[in-house]
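Number of protein chains: 2
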Amino acid sequence: MQRYFTDEELTAGAVYTSGADTHHMKNVMRFKPGQEFHMVDNTRTAFLCEVTETDDHVHYRVVSEVEESPELPVRTSIFCPLLKGEKFEWMIQKSTELGASDFHIFEADRSIVKLDGKKRAKRLERYNKVIREAGEQSRRNMIPHINFGKSLENTDFGAFDAVVFAYEGNAGNPAAGLEHVLETIRVGDSIAIVFGPEGGFSDNEAALMERFHSVRLGPRILRAETAPLYALSAISHQFEQPASD
Amino acid sequence: MQRYFTDEELTAGAVYTSGADTHHMKNVMRFKPGQEFHMVDNTRTAFLCEVTETDDHVHYRVVSEVEESPELPVRTSIFCPLLKGEKFEWMIQKSTELGASDFHIFEADRSIVKLDGKKRAKRLERYNKVIREAGEQSRRNMIPHINFGKSLENTDFGAFDAVVFAYEGNAGNPAAGLEHVLETIRVGDSIAIVFGPEGGFSDNEAALMERFHSVRLGPRILRAETAPLYALSAISHQFEQPASD
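Protein sequences appear in the order of chains L and W. My numbering applies: residue 224 is where the first sequence begins, and numbers increase by one. My numbering applies: residue 224 is where the second sequence begins, and numbers increase by one.
For the record, the hints were derived by calculation from the structure and aren't laboratory data. Using N, Cα and C, we set each Cβ at its ideal position, and we do this for glycine too. One should not assume that every hint holds.
Selected chain W positions facing chain L (in silico; Cβ < 7 Å) [said to hold, decoys possible]:
no., residue
1, G242
2, K249
3, M252
4, V286
5, K317
6, E320
7, S361
8, R362
9, G441
10, T449
11, L452
12, H460
13, F462
14, E463
Just chain L, same shape as in the assembly (with noise of 0.2 Å):
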């Protein structure tokens, strides 16, 4: 179903022309009357639309909403070290169902559990399949991506909005909050957070990622396998509020 996105509030039932999308919709498209397609509102509400006749614009009747997305409106990339035993496995399930959008397995200084080259591809395949059974399972519209990324220090961090390092020396600050970087963050963007093994980050990765936002996930001491957990329930209790009656 073809999207499209406008700067107006929609409302069902009401009728409307097109604009910036009328090229793509008249000659990309060819739509015609009866054609059907979503449009998303200023208010981040997707509408199914219906078109009711074309000239030099494309007319459309909004029919109905749509269904929310199962989505996380701001893009979640979870960097994270293995974790020994079942924790890992236990720690992408729950990420998945709570939204992550991929994950990027880095070797931390302090990581209990490193693999090489030949166990990396099968391991890969036991945890792409743990991914997507729970996205399956959380009726998300996307399974979440894998890999064996690069070391932390050459991680490109370029592509990400925000990047949050989540550290757990910040833990006796108060003024270290997730919530302060969250409050930058606006719907559509996409966010990094680097998590430790469970033995913490080095005074060195801690040194190499200060030019992050540096930040502490509540009061309490979260173990490696929850903090990920925390942050993305934080961003979904953050951003997926309904707008206000």
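With chain L held as given, fit chain W onto it using these hints.
Frame of chain L; chain W shown alone:
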């Protein structure tokens, strides 16, 4: 640093006299004037204290507040059925990291796991161990209790300021967000959240709980063991934001 708990409300600068902890302070720890320790008062605030003199009791001055409380400002009680396999232990461990106040186990209509008398005692022993260890590692000021409670129908929810029914039937209804309930709650309130088993709640249970706040936890379907973690993280995010600058 030795930590004690008192039923009084403490104020920095004031002097107090030991009560139930006298024996431990005098005879086990052998406190002398100048000795420092932590005293957690009835508002769950931890204070650094210094012994001023000892006679039949130990007298101490409250020096200052210790770092902020790791306890959630809203006391959150988790009502939950047993879950299959390791999921329940995993859930109570992470819920303890995330600040749950206590756990009340009830038998849901669709509970897969049911336990009777003898086995319950043994099972509680194990759960208490998991909770205590998680509480200590996450530096909680209190160790959550866990017990087998009455059926939902016979549970008295009257002591709570709010009762929340985490009903998967609400998944497609943006208006039933947890945040609506959280907006009506104030710091110091107590909230009960009722979670279902793997198979969800029965129609009977949904009808029974109709008089409470029926909510969903974001637009995604969460597994039974994940749902409490989302709720606790959302409560933390809502109430543990530091005062604005």
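The hints, checked one at a time:
1. G242: 28 Å, violated
2. K249: For K249 of chain W, the interface hint is violated, since the closest Cβ of chain L sits about 32 Å away, which is over 7 Å.
3. M252: This hint is violated: M252 of chain W lies away from chain L, its Cβ roughly 25 Å from the closest one there, beyond 7 Å.
4. V286: This interface hint is violated because 17 Å lies over the 7 Å limit.
5. K317: K317 of chain W check passes; min Cβ-Cβ to chain L is 5 Å, inside 7 Å.
6. E320: Nearest chain L Cβ about 5 Å off; hint holds.
7. S361: 5 Å, holds
8. R362: 6 Å, holds
9. G441: Holds, about 4 Å.
10. T449: 5 Å, holds
11. L452: Where the cut-off is 7 Å and the nearest Cβ of chain L is about 5 Å from L452 of chain W, the hint holds.
12. H460: At 4 Å from the nearest chain L Cβ, H460 of chain W passes the 7 Å test, so the hint holds.
13. F462: Hint on F462 of chain W: violated, closest Cβ of chain L at ~10 Å, above 7 Å.
14. E463: 6 Å, holds
Hints 1, 2, 3, 4 and 13 from the list above are not met by this structure, while the remaining hints are.
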